[in-house]
Each structure stands twice: as structure tokens, then as C-alpha cells.
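Since chain H is already given, all that's left is putting chains V and D on it; use the hints.
Residue numbers (our numbering), protein chains in the order written: chain H, 716 to 1065; chain V, 716 to 1065; chain D, 716 to 1065.
Check the hints yourself; a few may be wrong.
One copy or two, either will do: identical chains are not told apart, so a pair holds if it fits within one copy or between any two.
[As the list claims (entries may be wrong)] Okay, derived cross-link-like pairs now, EDC-like style, lysine to aspartate or glutamate, Cα gap no bigger than 20 Å in a straight line:
1) 976 to 747
2) 783 to 747
3) 910 to 961
4) 761 to 781
5) 1051 to 818
6) 942 to 958
7) 1031 to 1041
8) 907 to 961
9) 761 to 779
10) 910 to 921
11) 1038 to 1028
12) 907 to 958
13) 942 to 881
14) 1051 to 1041
15) 879 to 748
16) 976 to 748
17) 907 to 920
18) 907 to 921
19) 910 to 920
20) 910 to 726
21) 942 to 921
22) 860 to 1052
23) 830 to 726
Source of the hints: derived by calculation from the structure; they are not laboratory data.
For reference, the chains in residue letters:
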Amino acid sequence: MILTLAQIAQETQSKYIGEKGNLQITAASKLEEGKSGSLGFFANPKYEHLIYETQCSAVFVPLEFEAKQPVNCELLYHTNPYFAFCMVLTNHFNPNIHNQEVENQAYVHPTAVCKASYIGHFSYIDERAKIGANCIIYPGCYIGKDAVIGEHTVIYPNVVIYSKCEIGSNVIIHAGTVIGSDGFGFAPVNGKYVKIPQIGNVIVEDWVEIGSNCSIDRATMGSTVIKMGTKLDNLVQIAHNVEVGEHTVIASQTGIAGSTKVGGYSQFGGQCGIGGHLVIAPHTSAGGQAGITGNITTPHQKLTGTPATDVREFLKSVAGSRKVPDLMREIEGLKKEIHRISEEISSNKA
Amino acid sequence: MILTLAQIAQETQSKYIGEKGNLQITAASKLEEGKSGSLGFFANPKYEHLIYETQCSAVFVPLEFEAKQPVNCELLYHTNPYFAFCMVLTNHFNPNIHNQEVENQAYVHPTAVCKASYIGHFSYIDERAKIGANCIIYPGCYIGKDAVIGEHTVIYPNVVIYSKCEIGSNVIIHAGTVIGSDGFGFAPVNGKYVKIPQIGNVIVEDWVEIGSNCSIDRATMGSTVIKMGTKLDNLVQIAHNVEVGEHTVIASQTGIAGSTKVGGYSQFGGQCGIGGHLVIAPHTSAGGQAGITGNITTPHQKLTGTPATDVREFLKSVAGSRKVPDLMREIEGLKKEIHRISEEISSNKA
Amino acid sequence: MILTLAQIAQETQSKYIGEKGNLQITAASKLEEGKSGSLGFFANPKYEHLIYETQCSAVFVPLEFEAKQPVNCELLYHTNPYFAFCMVLTNHFNPNIHNQEVENQAYVHPTAVCKASYIGHFSYIDERAKIGANCIIYPGCYIGKDAVIGEHTVIYPNVVIYSKCEIGSNVIIHAGTVIGSDGFGFAPVNGKYVKIPQIGNVIVEDWVEIGSNCSIDRATMGSTVIKMGTKLDNLVQIAHNVEVGEHTVIASQTGIAGSTKVGGYSQFGGQCGIGGHLVIAPHTSAGGQAGITGNITTPHQKLTGTPATDVREFLKSVAGSRKVPDLMREIEGLKKEIHRISEEISSNKA
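Same shape as in the complex, but just chain H (with noise of 0.2 Å):
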């Protein structure tokens, strides 16, 4: 299929006045990094000197842009010229274009129902999964028993989806994830644990996308739930019956424990950690490696540190503990002077 830079500019609705609408465009890449045929966007002011510089054939450019130098690409001018380029990349730079195929050495069990449009060598698909149309489910993964999949969801190489697991439309998992594996739940009994057995299941809503070597572990009873267009990153761990808001985006290798329920349009740092049984308030944003321990119950508080409190409060304290040598040495500062002032009193009176 030939890509012409009439068909980007009509596609993304972006304002293209030159004479070259034939031009083929074949590559997207940075500007410092364009070469004849590619397409490439200026957005931040800081950068306008590589807008002269570029090899692109073609740049997308904010419409108010107007070239101090000459310029050797076209210009497409858009309102928000790296959303309009991510379009481009979306629609016709996807990777994950398959064939209608499931690859022979792929095994799928006779009682599953099976849309995908590609199933991978090496993925099995396990008694009564349901997997929607249009999903592309890589080699190397392993679908349950009873699990169901909408539509158009990407499931990458070596994922295992535990049985009875429900994924959206339109999800992404990446490599390596691991949805549906038990949660930690053990009863001591005489001083060892006995496992409870978690019958409940993991529900993963439309628009989600996960990270690479994620743990969500399924419910004991119920379900642990990620809620609609919420964004995992890589090597997150969420426990059974979390149940994670919509909209929310977790830095990677945030661990959230059992049973909490955090708010939609959250947002948290990498490496956070989020205690179990809480209730976290919508719309909280949490700084890398903040420890949460109680509920917060105030929406748009930013936190950080553990236990973690407001970010003002936070950088005080830091800076507070950093003072308390000062401290120490007006303390003693002002012990002799107190001692001086006595002994002066002594001699007074005397």
C-alpha cells in the first residue's frame, strides 16, 4: 500500500499547501533521525533548529509555525502536531498487522471459541476460552480454561491468562504478564500456613493496557478488577481483590496489596507501594516509591515518602531531619550562654 502525503494530510485533517501531494512517505523517525521518505513532527520551540536541519521528506508543524530559515521538507500544519504524527504512526505503522491465521503448531482446544485473527506456533488455547475477533494472541501464550477476550485486543508472546480470567476489547498485554495467578492468601494454622484456595478471578475492562512481566493475582472469592482505560506499566503487581479505577496510569514495579480500591484518574510513580485494605480517593497522584499506609480520603492530593503524606509536608520534614546537627549545636550554644548568665548572678551577688 503507497502512503501519500495528500492521504496523510486529509487523514489527519492537518493543512498542507505546497505541490507535492504524490510524495510517498514510507518511514516515521525523529527529525535528527529522518532520511528521504520519512515523516517526522516539530512540537517543542527548544528543538526549532532541527526543523532546518532534518532529512524528513515531510514534518508536521503547530499551524501558528512560521520558518525563520528555509526549510527542505513539506509541512503539514496541525493544532497539535505529534498527536496528529501519532495518528500517521498508528494507522499505518502498526506492528501488529496479521494475517487471518492460526498457525498450525498453535493449540486450541475443540471446545474453544476462537475468533483471533492470528494465534501464534506454541499459544494454547484451554477448554471453553472465548477469544473475540480480531484479537492477535503472539506465540508462547497460554489462554485458560473458561477465560473470554473481546475484540481487537493484543496479547504478546509468553502472557498466561489464568482460567476463568476476563480481558476486554481493545486491550494490550505485553511479554511475560501473568494474569490470574493466585493470591497470597494463607491461614496460619499451628504455626504454618495452610492455603485458602482463591476461586475468584481476574477482570481486565476495555482499553487496558499492561506492561511486560505484570502479576495480577485473581480474587480469593470475586474478582480483582482493572477498570476501563487504565495503563499498567512494566512489573507491576496488583493483589487479589484490587480493584483499580478507571483512567489510572502505575509506574513500573508499583505493588498495590490485597483488597484495595483506588480511585479512578490516579496516577502513581514508579516503585510505590500501596497497602492493603485501603481506600485510595479518585484522582490521587502519588511520587515514586511512596509508601501509602492509611486511606485517603481527599481527592487531588499529591503524596510522597513513606508513610507517604502531602509533598510539601514531605520535603519539610526531609529538610527538618537534615537540620536537627544545626540544632544540636545552637542547643549547646545555648546551654553555656544560660550557664554564663548564672554564674554572672553568682558573682552579682556575691
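Chains V and D in isolation, oriented as in the chain H frame:
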């Protein structure tokens, strides 16, 4: 197989005084999610209202339970309703029942000795590996050369066990976990790092459970050991030559550095870090994100913070650093007071 | 192949003055676990007693070693006994020896160029991937479209390498690691997140070793880079567009956020968090759980804590915050003293 109320009462040694011993139980659920045919349990007095509302057909209740309102379900009396419920789950709702079968796309090397009940497609059992009776190896696993697995052990999909590692009986290993990767050992030579070969192994004793996406490294020489009955959550890191004592629980994303010995009956919250070459006394308990940087010689301590200290000390310390601004104000006040007194003495003299 | 003491002495350039050059060495072990036929080493004077007790047949010892008691093993003198021992391990006890073979249940796309020594069953080499000579690809791996792997590289089971990523020569990647998953990039649009396509790749240079279950994300555009000779432990997170300099060691569970450049010859303890868009000077050293939140401009610093500071500053700060209760008592004492003095002055006046 049909499971009746009478059979459940007998198996769990619970007391049933109704007349519906032939009632069929087909599912297990929370009280609030019960349906006709399902079995539940009631343990926490806080949720007593649920027993009057549930759609469950039968419910385990404490021996001393007396209904304050009419109940619509059959009651099974037991000293520990949750424990009785778990027994039924384990015996009758276990998802890991498989026919005696090695699936035809599994690969078992001719020199391997494999008595497993089930080996899924795309699992690879390498040279001279030994797998005991009644083991279940899900699809996509790799069991290395000379590895040994006991009996009744369950290995979920895409687990990797490197050569020479030894896994006990009644062990559960969740998906994506890696056992026996090389310890992180390098010798600095002229500013570069030369790999120190890791020729030891990992020993996982009986009744251990390991979560998903964990990494347990083989010893440089000798063995990394996880002792009897210990439970590891997801994404846990165990470095080379570590020994974790018996009946210890380690929550998600905790890491233990090389050669550390952790005493039995200990508990670690999520995201703890334990330094290398340490000895941790038995019955140690550490809160989430604790960083243990020295030996713990006294058993039964409760630790938190980094560097980890006694929980009460840590809380005082956190509270303390937040009071520093107040202290600074107080010291300013004292200075002024002393200045005032000095002036007064001077004027008295004059 | 028979390995004799004379051969070992020659290969390692160690000095052997005994008469048993034909002695066969069949294993390598710690002194305390030695058996007849095994080779050990003695380096740490603290463990000198072991050399008098060991069952090893031969032991590397320092050039200056003089036995204070009778020894029952042959002695090989070397300036660096451990290094000599490692040489023998690497040359003769390497577990990664494979016949030239692509196993018949591996899948190699017809357009791939594969010169590997070994590709295990259930590994999938996708379109146009290139794998150099003497590579070993264990079972269950996925090598994406247009991915490139150099020579003498070892890829352990169930590793996933996404499309277009480039892995150097003499690289080791442990099981379950994922290279090239999408960077965590989303544009907020009306309270939802729109995926920013990640069209870059990952470049892993020669002599790098990466532990098990790591995640290294592909760049948004351009490349995420792990430079020559760097070593990553298990469960490490490297975000998109990060560059890690040469000969750097990064311990387990550390995470580096997007676009950060880490200078070469650095060292990071376990569970460190390094913020995004930072520049870290070469030869930086950070303790376990350090949280680096700003640029590090001076090389050779030793950092710890969150926000990370110089180790000595951090320890003072921790000590300081623990002294606050004492300071509060001292201030109370000073107040009383001042009050007493004031009273005394008043009574003097009177």
C-alpha cells in the same frame, strides 16, 4: 460427581441438623454472590446481615451461631467455618485436576524420568530430569537437565527451572517464575566485569508455594535454599546462596541479596529489601518497604523503615523529623529570652 | 574429555610442584563440599582451616601460601586463586554446550537468517530475524521480526525479544526477560489516555548480561541502549529511551525511568529508583533502595536514601531525626532554667 450436603457435613466434620442431606452443591461463593446450589461461609459478625439475605443454598456458620432473623439457607455448624469452607474448595473445586496425560506436543527427552500426571503441550523436559508421580506441568514450561521435582507438585505455565535445581513435593510454582538463573556474580578486572560461573543450584523444599514472575538464582557453589512450607508472593527476588527458613511468608516485590540467611517463621511485607551476607533471626517481622541493612540477632522483632529499626522507634523518628520546624521556632524564642535576660542583668549592674 | 591437573596448571598458568599431573579432575566445588576428583580454591585467610579438612583432590592457593598443617590435596599456586578457578569453570564446566542443532519443533520463518548452534523446541524466530553464529536459543523464546542477534550469545528459555531490537555478541539473557515491550507513553486527552506508538527499538551491546524476568522497553523513537559490558540483575526495569553506560552493574529490582542517561562504570544496589529525564555522571554509586530524583553532575559520588544524597549526609540525617525526642527534652530543660534565672533576677531586684 455429585456433591451433597450430607457428604460435605461428613467430610468437614460439621454439624447439620436439617433434613436436606441430599441437596446438591454445585458451586462455592461469597454470601453476597451466592446462587441456588452454592455453598458459602459466615465467620465475621460484622457481616451477619448477609446470612439473612444470601441466595446460597448452604452456609457454614460458627457452632455458637443463633439466627436473629429467618434464614433461607441450610446451616452447617463448625468451630471454624472458613477453614471448613477451604477444605471443601480444596477437595472439590480444585482447578488442577488433569487426566493422566502427556500431551503430544510436549517434549520429554528420552533420558528424562517422568511420572507426572500431566505435561502440557510445548513444555520441554530436558536430559535426565526427574519428575515424580502426580505432578502437573502446565504448557510452556522448561525443566532443565538433571532437575528433580518431587510428587504432587504443580507447575503453572511458562515456568523455567534451570539445570540441576531440586523442587520438593507438594510445591506450587506460579506462571512465569524462574528458578536457577545465574547468581549476580562478577569480578572487577581492570574496570570491566568478568563473569563468575554459577555452578550451584536451587533447592525448594516440600510444601513451598512461589508466586508468579519470581526470580530465584542458583548458588555460585552449593545451594540457594527455600525451606519447608515457606510462601513467596509474586515478583520476589532471591539472590544466590540465600537461605530462607521454614514457614516464612514473603510478600510481593521483596528482594533478598546474596548469601543472607533468613530465620524460619519470619514475615516480610511487600517491597522489603534485605542486604547481602546478613543473618536474620527467626520470627522476624518486617513491614512493607523496610530496608534491612544489618544482622537481626534477637528473634521476634518487628521492624520497619530504612535502615530498618523497631516499629516504635521508626514512628518516633518520622514524627520527630516533622517536628523540627517547631523546634527551630522554640530555639529562636529561647535565644531572644536569653538576650533579654542578659540585657536586664547589664542594666541592673548599671 | 579427560581433564588433568597438568592441563589445568597449564591453562591457568598456575604453578604445580607435585607429582600427580595425571590426576583427573571431574568436578568443581567449595572446599567444604569437596569430594575425590573435585577442584576447589582457597582465597580468604579466614577460612584457612578448610584447606586442612577438605576432601577436594586439588585446590588453587595464593602464591605466598604456606601450609601450617598437613594438607591432603594437591596445591596449584596462582596470584588470584579465585580467578584461576573461574577460568576452569568457564572452560570446562559450562552448562551451555550444545550440538549444532535446530530442534524440529522450533519455528524459524523462511525469511529469517539463522546461524545459531542451537534453537530449542517451541522457540519462534519471526520474519527477517538474524541470529549469528554460535548462538544458543533455549526453548520457548520469541525473537521478533527484523530482530538481530550477534554471535556467541546465549538466550535462556522463554525470553521475548520484540521486533527490530538488536542484541550484540557474547550477550547472556536469562529466562523470562522481555526486551522491546512498548515504552509507557500516553497522551492525556480529555481525562483519558491515548497511546503514543512506540516505534523505536532496544540496542543491547556486546558482553552485556541481563538477569531473569527483566523488562527493557523499546524507545518511543530512536533506541533504548544498554552499553558494552554492563550487567543487569533480575527483575530490573529499564524504561523507554534510557541509556545505560558501559561496564555498569545494576542490582535486582532497580528501575530507571524514561529518557535518563546513566554514565558508565556506575553501580546501583537493589531496588534503586532513578527518575526520568535525568543525567547521572559516570562512576556513580548508589546504595540499595536509593531514590535518585535529580541530575548527578559530579562523578564518583556515593549516594543513598530518598531523595538520594551523599551517604554520610544521609546517615547524619537518619541519626538526626532519631535524636529529635532528646532535643525536645533538652529544650524543655533550657526553658525551665531560663524561667528559674528570670525568677531569681526578679527576686534579686526585690
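Outcome of the hint check:
Only between protomers do residue 976 and residue 747 lie at most 20 Å apart by alpha-carbon distance; the minimum there is 18 Å, versus 44 Å within a single protomer. For the homomeric pair residue 783 and residue 747, the shortest alpha-carbon distance inside one copy (18 Å) is at most 20 Å, but the shortest distance between copies (68 Å) is not. Proximity of residue 910 and residue 961 under a CA criterion of 20 Å is satisfied inter-copy only: 15 Å between copies versus 32 Å inside one chain copy. Within a single copy, residue 761 and residue 781 get their C-alpha atoms as close as 15 Å, which meets the 20 Å cut-off; across copies the closest is 68 Å, which misses it.
In this assembly of identical chains, the alpha carbons of residue 1051 and residue 818 never lie at most 20 Å apart, being 86 Å within a copy and 84 Å across copies at closest. When the C-alpha separation of residue 942 and residue 958 is checked against a cutoff of 20 Å, the pair qualifies only within one copy, where the shortest distance is 8 Å, while the shortest distance between copies is 33 Å. Both within a single protomer and between protomers do residue 1031 and residue 1041 lie at most 20 Å apart by alpha-carbon distance, with minima of 15 Å and 11 Å respectively. Taking identical chains as interchangeable, the C-alpha atoms of residue 907 and residue 961 lie at most 20 Å apart only when they sit on different chains, with a minimum of 9 Å there against 39 Å within one chain.
Proximity of residue 761 to residue 779 under the C-alpha cut-off of 20 Å is restricted to the intra-copy arrangement: shortest distance 15 Å within a copy versus 63 Å between copies. Taking identical chains as interchangeable, the C-alpha atoms of residue 910 and residue 921 lie at most 20 Å apart only when they sit on different chains, with a minimum of 14 Å there against 32 Å within one chain. In this homomeric assembly, residue 1038 and residue 1028 come within 20 Å of each other (Cα to Cα) both inside a single copy, at 15 Å, and across copies, at 11 Å. Taking CA atoms no more than 20 Å apart as the test, residue 907 paired with residue 958 passes between copies only; the shortest distance there is 18 Å, against 30 Å inside one copy.
For the identical chains of this complex, residue 942 and residue 881 are intra-copy neighbours only, at 12 Å inside a copy versus 35 Å across copies, given an alpha-carbon limit of 20 Å. In this assembly of identical chains, the alpha carbons of residue 1051 and residue 1041 lie at most 20 Å apart whether taken from the same copy (16 Å) or from different copies (18 Å). For a Cα distance limit of 20 Å, the shortest separation of residue 879 from residue 748 across copies, 16 Å, qualifies, whereas the shortest one inside one copy, 46 Å, does not. For the homomeric pair residue 976 and residue 748, the shortest alpha-carbon distance between copies (19 Å) is at most 20 Å, but the shortest distance inside one copy (44 Å) is not.
Proximity of residue 907 and residue 920 under a CA criterion of 20 Å is satisfied inter-copy only: 14 Å between copies versus 37 Å inside one chain copy. In this assembly of identical chains, residue 907 and residue 921 lie within 20 Å of each other by CA distance solely across copies; the values are 12 Å between and 41 Å within a copy. Taking the shortest Cα distances, residue 910 and residue 920 sit within 20 Å of each other only across copies (16 Å), while inside one copy they are farther apart (29 Å). In the homo-oligomer, the alpha carbons of residue 910 and residue 726 lie at most 20 Å apart only across protomers (18 Å), although the nearest pairing inside one protomer, at 56 Å, exceeds that limit.
In the homo-oligomer, the alpha carbons of residue 942 and residue 921 lie at most 20 Å apart inside one protomer (8 Å), although the nearest pairing across protomers, at 38 Å, exceeds that limit. Within a single copy, residue 860 and residue 1052 get their C-alpha atoms no closer than 79 Å, and across copies no closer than 77 Å, so neither meets the 20 Å cut-off. In this homomeric assembly, residue 830 and residue 726 never come within 20 Å of each other (Cα to Cα): the closest approach is 29 Å inside a single copy and 43 Å across copies.
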